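Undergrad: Working from the sequences, and respecting the hints, build out all of it.
From first to last, the protein sequence lines stand for chains A and B.
Residues in the first sequence are numbered from 10 upward in steps of one, following our numbering.
Residues in the second sequence are numbered from 10 upward in steps of one, following our numbering.
In case anyone wonders, no lab produced these hints; they're calculated from the structure.
From a predicted model like this one, the values you see are computed outputs, not experimental measurements.
One thing to keep in mind: the hints can contain errors.
Put simply, identical chains are the same to the list, so a pair is met inside one copy or across any two.
Stated by the list, open to error - Distance condition first, Cα-Cα at most 25 Å in a straight line; then the derived DSS-like pairs of lysine-lysine:
1. Lys275 - Lys291
2. Lys206 - Lys83
3. Lys291 - Lys258
4. Lys130 - Lys90
The lines below spell out each chain.
There are 2 protein chains.
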Amino acid sequence: MSSTVRIALDVMGGDHGPDVVLPGAEIALLRHPDIRYQLFGDEARIAALLAKHPRLAAASTVFHTDVTVQMDDKPSQALRKGRRVSSMWRAIDAVRTGEADCAVSAGNTGALMAMAKVNLKTMSGIARPAIACLWPTMRGESVVLDVGASIGATTQHLVDMAVMGAAMANIVLDIERPTVGLLNIGVEEVKGVEEVKEAGAALREMALPVLDYRGFVEGDDIGRGTVDVVVTEGFSGNIALKAAEGTAKQVADFLREAIGRSFMAKIGYVLARGAFRALREKLDPRKSNGGVFLGLNGVVIKSHGGTDAEGFASAVDIGYDMIHYDLLSRIAAGIKGRPRLSASNGADVAVSDELQVSS
Amino acid sequence: MSSTVRIALDVMGGDHGPDVVLPGAEIALLRHPDIRYQLFGDEARIAALLAKHPRLAAASTVFHTDVTVQMDDKPSQALRKGRRVSSMWRAIDAVRTGEADCAVSAGNTGALMAMAKVNLKTMSGIARPAIACLWPTMRGESVVLDVGASIGATTQHLVDMAVMGAAMANIVLDIERPTVGLLNIGVEEVKGVEEVKEAGAALREMALPVLDYRGFVEGDDIGRGTVDVVVTEGFSGNIALKAAEGTAKQVADFLREAIGRSFMAKIGYVLARGAFRALREKLDPRKSNGGVFLGLNGVVIKSHGGTDAEGFASAVDIGYDMIHYDLLSRIAAGIKGRPRLSASNGADVAVSDELQVSS
Chain A
10 MSSTVRIALD VMGGDHGPDV VLPGAEIALL RHPDIRYQLF GDEARIAALL
60 AKHPRLAAAS TVFHTDVTVQ MDDKPSQALR KGRRVSSMWR AIDAVRTGEA
110 DCAVSAGNTG ALMAMAKVNL KTMSGIARPA IACLWPTMRG ESVVLDVGAS
160 IGATTQHLVD MAVMGAAMAN IVLDIERPTV GLLNIGVEEV KGVEEVKEAG
210 AALREMALPV LDYRGFVEGD DIGRGTVDVV VTEGFSGNIA LKAAEGTAKQ
260 VADFLREAIG RSFMAKIGYV LARGAFRALR EKLDPRKSNG GVFLGLNGVV
310 IKSHGGTDAE GFASAVDIGY DMIHYDLLSR IAAGIKGRPR LSASNGADVA
360 VSDELQVSS
Chain B
10 MSSTVRIALD VMGGDHGPDV VLPGAEIALL RHPDIRYQLF GDEARIAALL
60 AKHPRLAAAS TVFHTDVTVQ MDDKPSQALR KGRRVSSMWR AIDAVRTGEA
110 DCAVSAGNTG ALMAMAKVNL KTMSGIARPA IACLWPTMRG ESVVLDVGAS
160 IGATTQHLVD MAVMGAAMAN IVLDIERPTV GLLNIGVEEV KGVEEVKEAG
210 AALREMALPV LDYRGFVEGD DIGRGTVDVV VTEGFSGNIA LKAAEGTAKQ
260 VADFLREAIG RSFMAKIGYV LARGAFRALR EKLDPRKSNG GVFLGLNGVV
310 IKSHGGTDAE GFASAVDIGY DMIHYDLLSR IAAGIKGRPR LSASNGADVA
360 VSDELQVSS
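TA: Structure representation (structure tokens):
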């Protein structure tokens, strides 16, 4: 790692492309003046925006690309047309060549994961990557993974996700030995799918120094913050994440509507607006924006496609922290410390490149 | 069906047993005077309570049982000690013999499902039962299934759940041809697990008269009310349900805490209390209490174990409606109408009796 943190940006990614990515990059730069950006995208559009952001311009190098991966491209399509030439691929490639320490993109998740896998490859000892997110809880935040990199998980993959999630939690939550739970339906040891049970037994047996395994947790434990790291396979993880996001939005919408219906309630709202502001901040998805791709030979951060500059800056912040506190070495050390399970447990589920989460 | 609706109650089930079940039964009786109860449980405790509820006493017959299935009994344990003799078994058995039209229990879900399966058996043409719940949405309510009867689902099971969920939605939402979505991670046809994709193709192809298949939905579509019926396998369904419940509670707790911190906010709360009350009612879990076991030769309703009398009454209400509008015939008609898929698609996942959701 150089003394600066070098971040490659897919400037064209996301619903708003450069109009959100560049202002977002500047916000993050003000917080971390030691960032140096490599900007991949349409040179003319970037130049026009950099003219308005001189501080960002001073910290950036621009690399022109002609091809943009679209938000609705399938991973296979994106690879066909965008390999080597798209802003997304080039940002990831900068990480592979060592020109950049990490890549951040608000582009489509499936394409980003497919390109990151093809280009960076998985870390030695890791069979599959995972996407981890920060989930706001009653206690603060928890790391939840996998929220959509692949469907189904072997016992080994679940154990490896525990190690990788703990490494991330170690950094973002600044906890020496994060607590880890396996998501299941029911908390007794007897319940759940075979792989989850086996992974629970293995984690208990291993008693790894890098994490404190606490057993099974249920869907409502995530928001309660029962553990620092919640591990599950990508289908249920993605559905849990979206169900929770949907519910938070639903409650907020409903309350707004109910308040709008009465004059007294509107006055009440004004008086209680501090509380509402605190709630909004607590639930602000922009603050915990940034899915971290774990298990690859390089750090790649996925920002929400529809976020604003503040949200994109959060994704850059997460990438910055992952580099600053050396995520990859922490994962490598954790993986080295865990015994490899026999290959007999659980059939590996093939992951086609068609599997993707929406962005 | 007789002119009355005959409901068998597992009086000993749930965290509070008779103290909640009997007052709850009376609340439902006031709403539906044509209910006749068969009460299974400890005769002495029931008699003491019935003395205080003369209207309930007049509509009830008591059957003494000695054995109570505990909330933490494993399904296999419950079957061993409670078969034929427990209040839970006897309530289900009354449905099997035709003495009762439906059974309601607040007892442990795994044990209840195991006993219901063993005693009632699955309907002809249905391989596996499912648990359906009512999920409060922005538009009203949706039926979501499976929320924990079994883990994993074949294509056939997903299709059958669509039919069964539509039959239930037809009754509780009073919609002629309910809209149905398959829960997936991403809305394009190309995404997701093989079984979900195949079930989507099959439902589109079948164009059944009993339901209007609308394609894939994501986790945040559930609370949005995008479709009337959301179909998924039990692991992800249970996790989605609990993640959403947890989030709703988390938002409410946080708002309460934030309001408690400031005097002005407290005054504001008083002025806006109508809005807060509306929100509480909207999210009141007691109002949508009652998991419906679908696919069995009989109607069994699972009430939350920790609910109060009002909540238990909601579960009885749901059972009443299912009988009054003849759920089983509607399911049978729907299943008869759907072509049987070839057995080749998707391996059936063995469901051990250890699989259960917490109550």
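Undergrad: All hints, please: hold or fail.
TA: Against the structure, the hints come out as follows:
1. Lys275 - Lys291: Both, since 22 Å and 19 Å are each at most 25 Å.
2. Lys206 - Lys83: between (34 Å within a copy, 16 Å between copies)
3. Lys291 - Lys258: Answer is both; intra-copy 12 Å and inter-copy 14 Å each pass.
4. Lys130 - Lys90: Within one copy only: 20 Å inside, 54 Å across.
This entry satisfies every hint, going by the numbered hints stated previously.
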